[in-house]
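S.K.: Below, each chain spelled out in residue letters.
2 protein chains.
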Amino acid sequence: MPVMTGQGPLYVQVREMVVQRIISGAWQPGDLLPSEFDLAAEFGVSQGTVRKALDTLAADNLIIRHQGRGTFVTTHTPQRELFHFFHLEGQKGEKQMPATSRLTGVTNRRASRIETDRLHLPANTHVFVINRIRNLGGRPTIAERIILPARMFPELGQLAELPNELYQIYEEFFGVTIHRAVEELRAVSAERDEARALGVATGAPLLEIDRLAETVDGTPVEWRLSRCDTHAHHYLSEIV
Amino acid sequence: MPVMTGQGPLYVQVREMVVQRIISGAWQPGDLLPSEFDLAAEFGVSQGTVRKALDTLAADNLIIRHQGRGTFVTTHTPQRELFHFFHLEGQKGEKQMPATSRLTGVTNRRASRIETDRLHLPANTHVFVINRIRNLGGRPTIAERIILPARMFPELGQLAELPNELYQIYEEFFGVTIHRAVEELRAVSAERDEARALGVATGAPLLEIDRLAETVDGTPVEWRLSRCDTHAHHYLSEIV
DNA sequence: GAGTGGTCTAGACCACAGA
DNA sequence: CTGTGGTCTAGACCACTCT
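The listed protein sequences derive, respectively, from chains A and B.
At the far end of the first sequence sits residue 240, using the working numbering, and the numbering has no gaps.
At the far end of the second sequence sits residue 1240, using the working numbering, and the numbering has no gaps.
Treat each hint with caution, since some may be false.
[Said to hold, decoys possible] Quick look at which bits of chain A chain B covers, simulated, 3 or more residues with Cβ under 8 Å:
id	stretch
1	77–91
2	175–185
3	228–237
For the record, the hints were derived by calculation from the structure and aren't laboratory data.
Please read these numbers as outputs of a predicted model, since none were measured by experiment.
Where is the CB? At the ideal position from N, CA and C, for every residue including glycine.
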């Protein structure tokens, strides 16, 4: 008698069981999963079926497999965030490290209408607002505003320091794992304040990146608006 | 005695045999491949090994599989080009069809230094230059310049009409199949001519998309510079 | 050496398309 | 009905990691 009783292919059902355990936190980022053989026994399917399920999860960056070591839930590292989630690079394709950032303010206030819309929050919710200037290649290049639901990031304001790459912080301190993001790009004119901060003329063209990032279960958790000086950098998009 | 004598996993060797046949033109876009069983017999491997090879090719959009019908070499359709290679969309995520374009010039001239660099051409090669204005939602939105090596596109100038989506033309008339592309995005200021053509003020911010497109074997064949009015549209980038 | 994922095989049955 | 790709199984061996 099979353990899986759902609909559709077995490997999809296995995949969804694994996803549920990751979402629920039973298996947390960095955790070692049971071996294919053990999972097969637990789910009552063959090892090949478990393998196919895990292969699709690895393709979606939910897990990472190491021959001889095992299968692990993906964790956010600064490297992964830089290479996977950060698409600005220099003219020769180099990603400058270390990039620094200057915090210009972290506030906790009532969310605006557009913020509750974008983050699917009820009205009158509170949000954290992070404003910062990010440096690339030693020069201020990105003026960034980040909106986070206060409920999901308790005591964010009490963190002493915020690194350039935030997703590891979300994961480690708040148990929020960013899984995917959608970015909308536009060309805009620099406002006076951001122009001054970036060292360009007011009205100069900036690349605006409007990013909405969500967790594995599809909940939007971060709205990030970045305005970038693209004189010495560009946004890279590979179409394969 | 195995037929495959190369290095590495068998399924990778099978994959590369198939890729070679597609590059060589032995299997052309739209062609039906032999069945998994036939390929397995020909290569002297099991059907499962062929399947794994074909699965990776399908993941890379080189082939497309239809249960009950067979496996086909991918072809360019306007739909595929629109959804896979064209990332501009309206504010609510809609891709307006039909989009039209107004040709402002097709010329054949000696390539500039930067053009030979980008397209890996020898000095003093000739290129076709296509200039056009593309309309989205009824308004001129993109000023585009396309550079093509004249040698690979003989008699391009004698085509009566050019559609909005060009990659099907490249494939059908010139046997050139675009497989992947790299886009670099920047914010720039509109020059006087393009500003007039797009109906914006000179100096208005435009999104510049610098695309280099290549064939399956990695040869760059098209350099495309698009400058887009992003008042009513944005470039969509999904990070998964 | 023990345990892991990676490859490969052979065979079974299912779902779908088309003659 | 035949042939195709899609799923699933059971078992073998290889490559790698760690103890």
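S.K.: Now tell me, hint by hint, if it's right for this structure.
M.R.: Cross-check of the supplied hints:
Residues of the stretch 77–91 of chain A with a Cβ under 8 Å from some Cβ of chain B number 3, which satisfies the need for three, so the listed coverage holds. Look at the stretch 175–185 of chain A against chain B: 6 of its residues bring a Cβ nearer than 8 Å to a Cβ of that chain, three or more, so the hint holds. Coverage of the stretch 228–237 of chain A by chain B holds. Counting CB-CB distances below 8 Å, 6 residues qualify, and the rule asks for three or more.
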